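Please model the entire structure based on the sequences and the hints provided.
Chains as they are written, first to last, in my numbering: chain A, 30 to 333; chain B, 559 to 886; chain C, 4 to 435.
By construction, these hints were calculated from the structure, which means they are not laboratory data.
Every value quoted in this text rests on a predicted model; they were computed, and no experiment measured them.
It cannot be assumed that every hint is accurate.
Straight-line alpha carbon distances no greater than 20 Å define the calculated SDA-like cross-link-like pairs of lysine to any residue that follow [what the hints assert, rightly or not]:
(1) A:K222 x B:A783
(2) C:K147 x C:G326
(3) A:K58 x B:A778
(4) C:K348 x C:D127
(5) C:K311 x C:G326
(6) B:K788 x A:T62
(7) A:K157 x B:K596
(8) C:K147 x C:Q173
(9) B:K638 x C:L433
(10) A:K157 x B:L599
(11) A:K157 x B:F613
(12) B:K788 x B:S798
(13) C:K147 x C:N131
(14) B:K876 x A:L161
(15) B:K638 x C:D384
(16) A:K124 x A:M114
(17) C:K348 x C:E328
(18) C:K147 x C:S111
(19) C:K311 x C:L226
(20) B:K876 x A:P160
(21) B:K638 x C:G100
(22) A:K124 x A:F314
(23) A:K112 x A:K124
(24) C:K376 x C:D139
(25) B:K596 x A:G232
(26) A:K222 x B:N598
(27) A:K157 x B:N598
(28) C:K311 x C:T183
(29) B:K638 x C:A434
(30) C:K348 x C:N119
(31) C:K147 x C:E229
(32) A:K58 x B:R787
(33) B:K596 x A:G158
(34) A:K157 x B:I610
(35) A:K124 x A:L270
(36) A:K124 x C:D58
Spelled out from the first residue to the last, the chains are:
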Amino acid sequence: MTTANIESATNSVGSPVRPVRKRPQTPRKTAATVAWIVGIVLLTAVVLYPLLWMISASFKPNAEFGSNQSLLPENPTFDNFVKVMEGVAGIPTWKFFWNSTILGIGAVIGTVISSSMAAYAFARLDFKGRPLFFAMMIGTLLLPFHVLIIPQYMIFRNLGMVDTFFPLLVGKFLATEAFFVFLMVQFIRNLPKELDEAARIDGCGHWRIFWSITLPLIKPALITSSIFAFIWSWNDFLGPLLYLNSPENYPLPLALRVFNDQSSASDYGATVAISVLALLPVMLFFVIFQRFLVDGVATQGLKG
Amino acid sequence: MTTGSAHAPVNTRTTAEPGTRPAGNRRTGGQPKRKGGKDNLAGYLFLTPWLIGLFALTLGPMLFSLYLAFTDYNLFTAPKWTGLGNFERMAGDTVFWGSVQITLIYVLVGTPIKLAAALGVAMLLNFKSKGTGFFRSAFYAPSLIGASVSIAIVWRAMFSTNGPIDNGLNLFGINLGGWVGVPALVMPMMILLAVWQFGAPMVIFLAGLKQIPGELYEAASVDGAKAWRKFLSVTLPMLSPVIFFNLLLEMINAFQIFASAYIIGSGSGGPAGATNFYTVYLYTRAFTNNQMGYAAAMAWVLLIAVGILAFILFRTSKSWVHYGGDTK
Amino acid sequence: MFNKFSRRAGSGVAVTVAAALMLTACGGNGGGEAGGTPDPNEEVTLNFTWWGNEDRAERYNEAIALFEEENPNIDVNGTFMDFPAYWEKRQTEAAGGGLPDVMQFDYSYLRQYGQNGLLLDLNDYVGNGLTTDTIDDTLLATGKLEDQTLGVPTGYNAWSLFENPALIEQAGVEGYEGGTSWEEYEEYMASVSDASDEVFGGTDYTGRIQNFELQLRQEGRELFTEDGQLNFTQEELAEFWSSTADLRENETVIPARTLEELLPKSGFGSNLTASEMTWSNFMGGYLGDTGAEDLNIVAPPTNDPSVKDLYQKPSMLHAVSAGTEHPEAAVAFVEFLINSPEVGKIFGASLGVPASETALEGAALEGPELEVKEYLDSVADRIGEPPAAPVVGYGALENTFLTLGTSIGLGSISPEDAAQQFFDEAAVTLAG
Numbered sequence: 030m031t032t033a034n035i036e037s038a039t040n041s042v043g044s045p046v047r048p049v050r051k052r053p054q055t056p057r058k059t060a061a062t063v064a065w066i067v068g069i070v071l072l073t074a075v076v077l078y079p080l081l082w083m084i085s086a087s088f089k090p091n092a093e094f095g096s097n098q099s100l101l102p103e104n105p106t107f108d109n110f111v112k113v114m115e116g117v118a119g120i121p122t123w124k125f126f127w128n129s130t131i132l133g134i135g136a137v138i139g140t141v142i143s144s145s146m147a148a149y150a151f152a153r154l155d156f157k158g159r160p161l162f163f164a165m166m167i168g169t170l171l172l173p174f175h176v177l178i179i180p181q182y183m184i185f186r187n188l189g190m191v192d193t194f195f196p197l198l199v200g201k202f203l204a205t206e207a208f209f210v211f212l213m214v215q216f217i218r219n220l221p222k223e224l225d226e227a228a229r230i231d232g233c234g235h236w237r238i239f240w241s242i243t244l245p246l247i248k249p250a251l252i253t254s255s256i257f258a259f260i261w262s263w264n265d266f267l268g269p270l271l272y273l274n275s276p277e278n279y280p281l282p283l284a285l286r287v288f289n290d291q292s293s294a295s296d297y298g299a300t301v302a303i304s305v306l307a308l309l310p311v312m313l314f315f316v317i318f319q320r321f322l323v324d325g326v327a328t329q330g331l332k333g
Numbered sequence: 559m560t561t562g563s564a565h566a567p568v569n570t571r572t573t574a575e576p577g578t579r580p581a582g583n584r585r586t587g588g589q590p591k592r593k594g595g596k597d598n599l600a601g602y603l604f605l606t607p608w609l610i611g612l613f614a615l616t617l618g619p620m621l622f623s624l625y626l627a628f629t630d631y632n633l634f635t636a637p638k639w640t641g642l643g644n645f646e647r648m649a650g651d652t653v654f655w656g657s658v659q660i661t662l663i664y665v666l667v668g669t670p671i672k673l674a675a676a677l678g679v680a681m682l683l684n685f686k687s688k689g690t691g692f693f694r695s696a697f698y699a700p701s702l703i704g705a706s707v708s709i710a711i712v713w714r715a716m717f718s719t720n721g722p723i724d725n726g727l728n729l730f731g732i733n734l735g736g737w738v739g740v741p742a743l744v745m746p747m748m749i750l751l752a753v754w755q756f757g758a759p760m761v762i763f764l765a766g767l768k769q770i771p772g773e774l775y776e777a778a779s780v781d782g783a784k785a786w787r788k789f790l791s792v793t794l795p796m797l798s799p800v801i802f803f804n805l806l807l808e809m810i811n812a813f814q815i816f817a818s819a820y821i822i823g824s825g826s827g828g829p830a831g832a833t834n835f836y837t838v839y840l841y842t843r844a845f846t847n848n849q850m851g852y853a854a855a856m857a858w859v860l861l862i863a864v865g866i867l868a869f870i871l872f873r874t875s876k877s878w879v880h881y882g883g884d885t886k
Numbered sequence: 004m005f006n007k008f009s010r011r012a013g014s015g016v017a018v019t020v021a022a023a024l025m026l027t028a029c030g031g032n033g034g035g036e037a038g039g040t041p042d043p044n045e046e047v048t049l050n051f052t053w054w055g056n057e058d059r060a061e062r063y064n065e066a067i068a069l070f071e072e073e074n075p076n077i078d079v080n081g082t083f084m085d086f087p088a089y090w091e092k093r094q095t096e097a098a099g100g101g102l103p104d105v106m107q108f109d110y111s112y113l114r115q116y117g118q119n120g121l122l123l124d125l126n127d128y129v130g131n132g133l134t135t136d137t138i139d140d141t142l143l144a145t146g147k148l149e150d151q152t153l154g155v156p157t158g159y160n161a162w163s164l165f166e167n168p169a170l171i172e173q174a175g176v177e178g179y180e181g182g183t184s185w186e187e188y189e190e191y192m193a194s195v196s197d198a199s200d201e202v203f204g205g206t207d208y209t210g211r212i213q214n215f216e217l218q219l220r221q222e223g224r225e226l227f228t229e230d231g232q233l234n235f236t237q238e239e240l241a242e243f244w245s246s247t248a249d250l251r252e253n254e255t256v257i258p259a260r261t262l263e264e265l266l267p268k269s270g271f272g273s274n275l276t277a278s279e280m281t282w283s284n285f286m287g288g289y290l291g292d293t294g295a296e297d298l299n300i301v302a303p304p305t306n307d308p309s310v311k312d313l314y315q316k317p318s319m320l321h322a323v324s325a326g327t328e329h330p331e332a333a334v335a336f337v338e339f340l341i342n343s344p345e346v347g348k349i350f351g352a353s354l355g356v357p358a359s360e361t362a363l364e365g366a367a368l369e370g371p372e373l374e375v376k377e378y379l380d381s382v383a384d385r386i387g388e389p390p391a392a393p394v395v396g397y398g399a400l401e402n403t404f405l406t407l408g409t410s411i412g413l414g415s416i417s418p419e420d421a422a423q424q425f426f427d428e429a430a431v432t433l434a435g
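Okay, here's the thing in structure tokens:
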């Protein structure tokens, strides 16, 4: 398919490209801007306060938990971070971050590829059994996962895959998280069908339409899915708990539980400190990827 | 299947090569408009990973849990068939009905508030482009925290006696004291926790807002529409597929609230059953009391109940959800 | 034997190693039948798992390294998790197959796993790879179920009363000496609560099933009958829960609402109560939670000090999975963990005061751990036979008891209704 074809197709249905606007600011607009800034700053403060409290709490010595509920520590200390950075039982802390990162990146790649393919089929292709399969996909969202744990564990155990990352990642490559499929379906269905049809007239097959038209146009949904897939994988506790045995393979959510065993002794300071540390990489991930959300349709590649 | 057959224009990769255009036979070829099946091959090809996942990983365990729902299964010995026994017991289980009640309140009150907050903030963030990156990250930050003991510590501190919420309300002359130890106030506390973590629907709304072509607003401006009017006549309809998605998914999520309730209630549904939401109770039955059969029965009751609600939502959606791909 | 050799040789092990193995193999070590020591020729990997914090993990790693040094052919894979997650994982494994070879085990789960044939009967190994005459008989019996030895206790603890001397001094009152009447304990709590604005004398003890058990044992009874049914009436339970109504009303004990706000810490751990009754092995945890330099541990109240109301509870046991492929190696590891003086030294009293004499000697307890040991010795006269291994579902009932106790404290349910709910729940739990 050539660039010209797509562009003509786009123009024929009215381009969703937003023209870049530059307008002089009117006084009314300035007032609105001020109100916007004040409102959003206040809202941000409210939303961020608990987080701030948490960060501050990571500098509280263990004994202050429970007795000092105020924002600031009475006796601030770095001990919590020192303890956390020492690692757990001879396993360095960076290893847990590394495991979480591998799992997160695997989840993003698997989810984006498999879910977008399934979503394209559901949203754009007319095949036998589509309503039934679609209903089944929604159905998989509805069952509380706790009752699926044991049968799924049996499957992976029989495959000899326990204590590897395989059980945690294979589902992502098989689009088992219907959330993402459904999310992308909603976005694809909202795209003008004329684009596909024009491309089809130009002789594009479904693979080309999917790859060159659909995927670029649902970039916001893909970015959104990537963000969620990464964060959910980063924070997943139950999957790693069931399928990983060796502490070297633990991702962060498992490692952080170890500072907090109610039956022996709990170090709340260290627990909060490692939670704060665990937050930094996902925060970074979000900050980087959210920038792509800004662009949206306005600047993205319809140009081939 | 050949290119010349009746339902030919299935475009697989081979027909997509430049120069091998299907010579316009699709437009001229009088292809019968059959319902279902014109893209069979491509459809199944695109769906292959999902189908493998469905049959290998999801469907089997689901059916197994359906079987368990009619048995007594303590995880240690083989399941014993009991017919409708679990369902009969459920009908008379007061703790079960208590959990149904608080879960319904949580869903019906919490979901609309969370979605309204998410949409409101998404629109605020869509308003300007300078500095929004920071705010977007700030608003999303709470949703980045996993359900760990840390969040329980933080949230308890926020709502304890002389915590920020208590002190803030005192300024307005409202003296509730700490919320954490008052069963009646735990529900609003849990709802506020969900609202605080509104990042997911917010980002989805934001992605949806980005998809709305700017000239629609300009056209509305030319017609003299005010902000509210634009919201009603452009934003809402254009956003409806995403609103529908968020509504359905947040509703399902709210019904399945588990992690936050589990950690805030220290796994026991406390205080006084105030965090004993449906799935928390289900989990207790499954893994604390080893009544997996009862838990599976509860799971299927939830599936059917939410399934009916979802079906109704899908039905009504035809009247208020507008897909760009259909209307233009 | 020879099959093993050819396999080993085929897998490319150096000739020198093979030769060394040949020599030991000729020593005639029978590894085939049940019992006996592990075959030193066989490369074995054992999976071992425990619950606990990072401090315990470090100690276990040290012990494992030592064991592997002594048994170069055995490789121990240690894994760990916090308590609730630990049991969820075990239950999934029990249902799906594949329990680890050696497990740190909790008393309250012993019957459930043992009854279902998931644990190896260690009787065949006693005196033949496993030494148990280092352990007191009544304590050893806690790991037995119908004559099978399913677990070996690592250490023991007993019900006790902790006091925070700093808070008592701050309140300017006399501490509770321990072992006197319930009235005196209540008076003591009132004296602290009256003297201080912030600090309370104690926690409402009716929230814990162990205190109910204690009072029943003081009357010569147990919580459960021999066939595993409740051994008390609904009225008795309601009465027990009502018995501290005055203490709750007068705020002699810390209000349940405050306790909820402190979770996951306890009132005692948050320096808000001057005393609390719990298991003696909480010493370490409480020292960490309170940040106090010193805590006192004394005997719980009793109206008749001659009654043997207390008992030695195994703080945890070591058990071997029935499905293990290497029972000898697993038993050797358990033997090492239980009896080795070096292991005693590594752990001190952090797994309870060591059950085995040899481990206890190696532990050379000092400081707070010695205080716990001295406490246990001091109540020797009050220590009687332990109750039968907890019924299946005991853990769940214990939780229900705690939850209902909290609800009573919060005023959201009456003691009578709570007792009704407890009995309803017990009927379901104990039936299945």
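Hints and how they fare:
no. : hint            : in the structure
1   : A:K222 x B:A783 : violated (28 Å)
2   : C:K147 x C:G326 : holds (19 Å)
3   : A:K58 x B:A778  : holds (18 Å)
4   : C:K348 x C:D127 : violated (28 Å)
5   : C:K311 x C:G326 : violated (39 Å)
6   : B:K788 x A:T62  : holds (18 Å)
7   : A:K157 x B:K596 : holds (8 Å)
8   : C:K147 x C:Q173 : violated (47 Å)
9   : B:K638 x C:L433 : holds (17 Å)
10  : A:K157 x B:L599 : holds (10 Å)
11  : A:K157 x B:F613 : holds (17 Å)
12  : B:K788 x B:S798 : holds (14 Å)
13  : C:K147 x C:N131 : holds (18 Å)
14  : B:K876 x A:L161 : holds (18 Å)
15  : B:K638 x C:D384 : violated (48 Å)
16  : A:K124 x A:M114 : holds (11 Å)
17  : C:K348 x C:E328 : violated (30 Å)
18  : C:K147 x C:S111 : holds (13 Å)
19  : C:K311 x C:L226 : holds (15 Å)
20  : B:K876 x A:P160 : holds (15 Å)
21  : B:K638 x C:G100 : holds (19 Å)
22  : A:K124 x A:F314 : holds (18 Å)
23  : A:K112 x A:K124 : holds (15 Å)
24  : C:K376 x C:D139 : holds (15 Å)
25  : B:K596 x A:G232 : holds (17 Å)
26  : A:K222 x B:N598 : holds (19 Å)
27  : A:K157 x B:N598 : holds (6 Å)
28  : C:K311 x C:T183 : holds (14 Å)
29  : B:K638 x C:A434 : holds (14 Å)
30  : C:K348 x C:N119 : violated (35 Å)
31  : C:K147 x C:E229 : holds (15 Å)
32  : A:K58 x B:R787  : holds (18 Å)
33  : B:K596 x A:G158 : holds (12 Å)
34  : A:K157 x B:I610 : holds (17 Å)
35  : A:K124 x A:L270 : holds (17 Å)
36  : A:K124 x C:D58  : holds (18 Å)
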